[in-house]
Amino acid sequence: MTTSPLLRLDRVRVNFPGKGWRAAPTEVLKGVDLVVEAGQTHGLVGESGSGKTTIGRAVLGLVPVAAGTIHLDGSPIHALTSRRRRALSRDLQVIFQDPYTSLNPARPVGDTLAEPLYGQGQRPREARQRVAGLLERVGLPAGAMDRLPREFSGGQRQRIAIARALAIGPRLIVCDEPVSALDLTTQRTVLDLLQEIQRDTGVAYLFISHDLAVVRHISHVVSVIRHGEIVESGTAEQVTAEPKHPYTRRLLLSAPVADPQRQRLRRAAYEREFAGERS
Amino acid sequence: MNAWHRFLRNPLGVLSALVLLVVIGAALAAPLLTDARPDAAVLRDAFGAARDGHPLGFDSAGRDIFSRLVHGARNTLGGAVLALAVAVALGIPAGLLAGYAGRWFDAVSSWLVNLVMALPAMIVLLASRAVLGPTVWALMIILGVLAAPSFFRLVRGIVVNVRGELYLDAARVAGLPAWRIITRHVLVVVRAPIIIQLALVAGVALGLQAGLEFIGVGSSGSLPTWGAMLNEGFQYVQRAPRLMLWPGLALGLTSAALVLLASALRDALEDRATGPRQARRRLPADVRPARLDGEPRAALLSVRSLAVSYRLPDGSEREVVHDVDLDVEPGRIVGLVGESGSGKTQTAFSILGILPEGGRVSGGSITVDGTEVVGLGARDWRRLRTSVVAYVPQEPMSNLDPSFTIGSQLIEPIRAAGVSRAAARQRAADLLRAVEIRDPDRVLRSYPHQISGGMAQRVLIAAAMAGDPRLLIADEPTTALDVTVQAEILALLRRLQRERGLGVLLVTHNLGVVADLCDTVAVMRQGRIVETGPVAEVLGAPRHDYTRSLVDAVLDELPLTESR
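Protein chains in written order, with my numbering: chain A, 9 to 287; chain B, 20 to 583.
Quick caveat, the hints were computed from the structure, so don't treat them as lab data.
Among the hints, a few may not be true.
Unchecked claim - Per the computed footprint, the stretches of chain B lying under chain A, defined by three or more beta-carbons under 8 angstroms from a beta-carbon of chain A, are:
#, stretch
1, 180-191
2, 376-382
3, 437-451
4, 498-504
5, 559-569
Just so we're clear, the structure is a prediction, and the values are computed from it rather than from any experiment.
C-beta: ideal position from N, C-alpha, C; glycine also.
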């Protein structure tokens, strides 16, 4: 018996309309295949403009898919009516990169968190109780719900965003650079929180980042994307230790490590292998 | 402090709100305020002076002026409110829909709105009067239609801006239907500007309506309005100027109150504090002298017991950088690391003399190339910044002006030193070549949006090199860049430093960058330096707990082998 994966992308293409009248559209994703298994983390690494964020947005239904299919749990989700798409929010949630713009600055945190619950038709009383529970889950005091986002630090805001994503117990969360706006120490605690939640709830992550170290730390499977195409995919260990594609190796070698001696070796290797190349 | 409290602290705003409340109250309570009917003419009293029960006297037809004034307020204000209601009812929903949904509705409604805005309001009103007859209410409805575009454009503009915000995407993913997203998220954002616009448009409606009445095309004679009273009074302006005085005063006060209220609301809702103006006049406080008994000072850059303070709105100061010592020798790269809010950028800014408004060096000493720079005049600062110390900022794109070519932005500062145009262009091209840009002429002709982020950072490094500096302050120079580009920029900085013997102070949060580039490193936390030393020692065997927690937070190293 073969079970279908939780999320499956087949030959997904996305175009952005060209600028100006009758301008040719730009192809952002050029046929992406990707699989996220239930309860696992699939890390997606790429540089700016590689299309990694667009993959996440296509899964969430925030950009239209031009060709190819996206299946969640075996049923197609790439061309849903807005009503069916709304119902999908029970299974599919998101954490965005910027904790400063992903929370409405004018609304108390509790309102923002209760939003997905109202979307599922919960009563205000139940919703409020659930919100208090969620805040506790991500390590914030229940009193936080009456305060505005600006009263929280970046790390705390990202915890709020995580709480919002968890609100209705989804099966897949798209994490779009969830820690790259955070300080190093905060980054570590937020990653730990994400892993802890995965252990407890069995949620799967599609984890998008530019940072190979972060992706390796949290992912079971890693894919590397460049110019709208996946260039390499494999287990986290395999991709980060023995990359097959030269671009992956280049990404790995160009990330400096916090050890001067080791970094000297790495820099030498980078210059030996990629001298004169420009991204 | 919320908007309401801010509003209450603005005397002009409170005063104008009171004036408006009195005017509106008088209009509503008109029958209670006076027994005299506004249209009861007693010819015997024509031009009569004030007397008991008739506090403002009588007009040319012997009607009670006070009674006409308060009853007139009902019609005048009522007309303005009607126009406002029509404008709001048309403009706001259409603006929300056009901004949020976009597409064909946006195109059609924007086209219609442009058409309406192109119509001259006064002429349309006069023409409508000719067609519809002297009915002030119909004219006010038309005025409302003419004013609707101002709401439409305001709302549409703001909604288009927030449409791309992540919190709207998050709400969509959360499964909220569109109407709920609009009422819960979008309306909140446009609320404040709408309130301000309401007060402004009310003032305009009032003025236009009074204008129509004054030239006699508003209501038919019987209905008292301020404009009509002005019209009647104008005929006797020589004989009894006070006939114009009272309606003129009422109109002027109300309009002025509306405008002042609008600006007070703007200040309160958009939080434009008026506080610092008084504080700015205060003379800068003393600079606490530095302790100079420690390490010998470095020749290129030496900072001793630096303190940076910021003025708070209440006039007091808060110190954000405390007792910082830092040295950069020529040809050395010193890293300054810390997390956000640790004061590392404030330290760099005070060395460059570019602390933002409200901040100042409140203690210590900074010498750059032997010159004490704390308390240096603007002109000396400029000389120092063009020839000794240079700066590479964090966000390359936002540090280039999008409306000028790279060429003009590079060449202009070179020419300021008295170099000819051709020579300056040549020098700019040389500088770009020095930062490894292969096609300098093309880049010189380009606008910032035509080049990549990495290229923009190269351009800024080239600009920093223009004055042949000896000290480079780089504030997170690679944070906004991709890793592969970061590697190139780090290599470039290393090469420039080696070839020119530059001293570099590198502000960063990335310990990998420190390991790659720096000789020594200073770790900052909460405005203090907690540990300084050679990079290998500080990262390899941190002595301070905070440094250790930073090093521990670095994720497990990638197991990649460098040799293959």
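Comparing the hints with the structure gives:
1. Figure legend: the stretch 180-191 of chain B, annotated as covered by chain A; annotation consistent (7 residues with Cβ-Cβ distances under 8 angstroms, at least 3 required).
2. As drawn, the stretch 376-382 of chain B meets chain A at 0 residues by the rule of a beta-carbon pair under 8 angstroms; below three, the given contact is violated.
3. Proximity of the stretch 437-451 of chain B to chain A, defined as three or more residues with a beta carbon under 8 angstroms from a beta carbon of that chain, is not established by the 0 residues found.
4. For the stretch 498-504 of chain B, the stated coverage by chain A holds: 4 residues have a C-beta nearer than 8 angstroms to a C-beta of that chain, and at least 3 were required.
5. Remark: the stretch 559-569 of chain B is confirmed as covered by chain A, as 3 of its residues place a Cβ nearer than 8 angstroms to a Cβ of that chain, reaching the required three.
In summary, the numbered hints that this structure violates are 2, 3.
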